[in-house]
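Participant: Use these hints to put chain B with the ligands onto chain A, whose structure you have.
Each chain, written out:
2 protein chains.
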Amino acid sequence: MENKLANFTGKIIFIGFGSIAKGVLPLFLRHLPVTPDRIRIVAADPDNEQIASHYGIPYQQISLTEENYRTVLEPLLEKGDFMVNLSVFVSSLALMELCREKGVLYIDTSIEPWEGGYTDTTSSASDRSNYALREAALEFGRKHPGGPTAIVCQGANPGMVSGFLKQALLNVAKDNGMNVKPATREEWALLAQQLNIRAIHVAERDTQTTPVRKKRNEFVNTWSIDGFIGEGLQPAELGWGTHEKHWPDDAGTHSFGCKAAIYLNQPGAATQVRSWTPMEGPYHGFLITHSESISIADYLTVRENGEVVYRPTVHYAYHPSDDAVLSVHELTGKNWQEQPVKRLMRDEIEEGVDELGVLLMGNAKGVYWYGSHLGIDEARKSAPYNNATTLQVAAGVLAGVIWAIRNPELGVIEPDDIDHETMIAVAQPYLGEIIGSYGQWTPLENRNWPFEEDIDPDDPFQFKNIRVN
Amino acid sequence: MENKLANFTGKIIFIGFGSIAKGVLPLFLRHLPVTPDRIRIVAADPDNEQIASHYGIPYQQISLTEENYRTVLEPLLEKGDFMVNLSVFVSSLALMELCREKGVLYIDTSIEPWEGGYTDTTSSASDRSNYALREAALEFGRKHPGGPTAIVCQGANPGMVSGFLKQALLNVAKDNGMNVKPATREEWALLAQQLNIRAIHVAERDTQTTPVRKKRNEFVNTWSIDGFIGEGLQPAELGWGTHEKHWPDDAGTHSFGCKAAIYLNQPGAATQVRSWTPMEGPYHGFLITHSESISIADYLTVRENGEVVYRPTVHYAYHPSDDAVLSVHELTGKNWQEQPVKRLMRDEIEEGVDELGVLLMGNAKGVYWYGSHLGIDEARKSAPYNNATTLQVAAGVLAGVIWAIRNPELGVIEPDDIDHETMIAVAQPYLGEIIGSYGQWTPLENRNWPFEEDIDPDDPFQFKNIRVN
Ligand SMILES: NC(=O)c1ccc[n+]([C@@H]2O[C@H](COP(=O)([O-])OP(=O)(O)OC[C@H]3O[C@@H](n4cnc5c(N)ncnc54)[C@H](O)[C@@H]3O)[C@@H](O)[C@H]2O)c1
Ligand SMILES: NC(=O)c1ccc[n+]([C@@H]2O[C@H](COP(=O)([O-])OP(=O)(O)OC[C@H]3O[C@@H](n4cnc5c(N)ncnc54)[C@H](O)[C@@H]3O)[C@@H](O)[C@H]2O)c1
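Sequence order for the protein chains is A and B.
Just so you know, we're using the UniProt record's numbering here: the first sequence kicks off at 1 and counts up by one.
Just so you know, we're using the UniProt record's numbering here: the second sequence kicks off at 1 and counts up by one.
For reference, chain A alone in the conformation it holds in the complex (with noise of 0.2 Å):
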């Protein structure tokens, strides 16, 4: 039992057993006290039954539908139960009403519609973004306060990027000769309006290779391309802050909701911003809509008698695998008609790196990055069928899991509502080397050559000088 780290008797019930699962089940097989007996899988593909098999986990292969997933669901489902959403093209607003009506707890890594949901041009952009999904889930939360515990967005990111957040915005504070030790969401908030956290950037750069090359008319990537694709395709979104003085023309906001987000009226795979790691230093990255960029922005929003007086602006940029850029890059080119060939790299990957974190800009010692450095043989030393990223991942989703499981009543829940330190206690040794790193990089360094450019020059962490398009 050392290994275990949650008391659990339920049965372990996995939708959608793809990259993301493939990697989460040997660690809740490590960590948790559950047998293959306890654990069923249901997935729309069919050449996974052998990987269940190998583990002697009963396996149901069906592609789930709004039509079809209570009648397939419900038999299976029962109090006690954990249902772990990993898969595409299934609502996570249905699976999480019906382990309410069960009893069950749920875990997603996201908030997906239907398939189709995000690109379905008869709804508004408004309607088919993340926003839109994080209200509906928040609602659903609102109107059942407690009960069965339910983690949306829990894997890397989102996820474990919030846990991140908040020990970056710890160190940075210590270096500011700050001793806190902030205990509600709004301490946390006013914490980062004090130390003048501007933006906050997830800042990824994944140099994961495999020696087989994409070939045209392929997408290769480190986890879901149906995932990718699909977020990729949904407006470019970004928590909008205060300090911003320039309204991008193309940019809309919503009419309902917490309002700390707006949206551009161009996908995120078409959106890029200049950002900065540690290892990669300055690059391009794509402003991918995620979950987390309402999340944090929200969370960290400061209100003065009900008026916003602070907030960050926070978005991806997201700086995939080489093959990866080139697939997007194909993809656009080819008006977002999908590739006919998706390959997933793990096995054949060679070398490489999943250098994810938050970048925290404006704090007067620079801008600071913290987060996880997992290179690909650590990650495949750590656990079996997994790649840098998927590992980054399921290491989330292992922390959101124990966290439902110590706290089973919490209702709808987001990462940044689950305690930081025991997040990322449980996911550690899953996620290589942990770095904290200051860099004086700004989105004006090196700007206006060739060519003069439209920039402001005097308050560098503007949206407007870190777009690129």
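Worth double-checking, as some hints may not be accurate.
Chain copies aren't distinguished; within one or between two, either way the pair holds.
Simulated pairs of lysine-lysine, DSS-like, Cα-Cα distance not exceeding 30 Å [unchecked claim]:
| no. | residue 1 | residue 2 |
| --- | --- | --- |
| 1 | Lys464 | Lys245 |
| 2 | Lys11 | Lys342 |
| 3 | Lys334 | Lys365 |
| 4 | Lys245 | Lys334 |
| 5 | Lys215 | Lys342 |
| 6 | Lys334 | Lys215 |
| 7 | Lys381 | Lys245 |
For the record, the hints were derived by calculation from the structure and aren't laboratory data.
Facilitator: Below, chain B with the ligands alone, put in the same frame as chain A:
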């Protein structure tokens, strides 16, 4: 003598001995009546001695500058010699002047300034454009009509593509039931107008790859890295057609010269456009400035009573090899701070094709691509020291040299001034398959999804519809 294509009794003086010159040399030895003792090489590389001495060619290693070039070169040059300038960082105009004085024939695959000229921000964007470099060369020619032939910009592109263009116009004319044989610039321009050619791309897709992946901080390319970065940092330039209805916000015009082209106030390496080739289908390429964009637009201009009544929009749409795309992405992400390592791929190339041609847009039959489809295996079979890209260029240089030897008193000329049938006939053995292919693609294909875009729906081949960023 059966392979020899022209009579020539002088010396060949190579300036620069990089990827192109190395590829050109074997073709010269095969098709010109020269022996190694009648060849000289002057170049800056320290590591070319070996290959020169393998051939038995005198090699002088020196970096030419504005200060030393006459001292170094004058002793080498005798009337009747041929200077083949395949260097970077050396002023083409300075060499042309010298050659004219000496009665030496001259060829260049571009028109280059002295080192730093492309990014000298003390001069205006207009002054560091290819437009300005071309005007200076043409002005020099006008001042010295006749005299030893000096061909500028005669490689593959610029170069061969001007020949492809004429053949493409003839092919499309024939498919439109027209039986024509234009004999003058004016007649070619009228034909383009009659065929309703609104836009012309030099549409290139290079798929050559090596098993040695691009590393971080490395720029990998199939031809000169210095050359690519140099032109990539010049303003994006395009011949500006009479059908254009939407003036780009960031465009500039020139106050001098032919007025056939405009520039954008941003580097070509940061400017992407939509284009199409038969092999690749739709893609995003870089609008890198090239002399042919200007010279072809100028060549195809129709004037009535001194007024311009017709001109196509002309520009490059370059999809370099995948590793070069990644190299540009990295370079852009670091705001043009050059990678410390540069790697020209040649012998390690495993597979791929350089698909290089012109795309004619506007005729009722559809878009028409015409050009060379040269695979790495065939390139290797055809000539040593080449990849597919350099061989296409070398073929163009060979064609230009043959033309100049046969026509030694033309003064300064451009590829558009060379008889296209001769040009193609000389080059053809080194161009792989020559392909002409129609497509129904337009830059409006699959647009407006999943977001509405600012397009001109009524006029597909507006530059506004073609430009990405
Ligand atoms: N938060 C994070 O850090 C993070 C990181 C990576 C992935 N994710 C998310 O995790 C999820 C899974 O990612 P992945 O890389 O494992 O994806 P994947 O594409 O590898 O696998 C998706 C799985 O969903 C299943 N599926 C598809 N349609 C289904 C349907 N209609 N019914 C049932 N199952 C269906 C597939 O069969 C497959 O098993 C995605 O939502 C992705 O966005 C989150
Ligand atoms: N028209 C076309 O189709 C086409 C295609 C490819 C390249 N080019 C042009 O051809 C030229 C050569 O390209 P490449 O790929 O061979 O380049 P490369 O970088 O491989 O070689 C450049 C050569 O120039 C020499 N050089 C550099 N500085 C010098 C100096 N100061 N004095 C003397 N020599 C100097 C180098 O030593 C080297 O031999 C470039 O101008 C390039 O733009 C044209």
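Participant: Confirm or reject each hint.
Facilitator: Taking the hints in turn, this is what the structure says about them:
no.	hint	in the structure
1	Lys464 with Lys245	both (9 Å within a copy, 29 Å between copies)
2	Lys11 with Lys342	neither (32 Å within a copy, 55 Å between copies)
3	Lys334 with Lys365	between (44 Å within a copy, 22 Å between copies)
4	Lys245 with Lys334	between (35 Å within a copy, 25 Å between copies)
5	Lys215 with Lys342	both (10 Å within a copy, 24 Å between copies)
6	Lys334 with Lys215	both (15 Å within a copy, 27 Å between copies)
7	Lys381 with Lys245	neither (48 Å within a copy, 61 Å between copies)
Figure legend: structure checked against the earlier numbered hints; hints not met, in rising order: 2 and 7.
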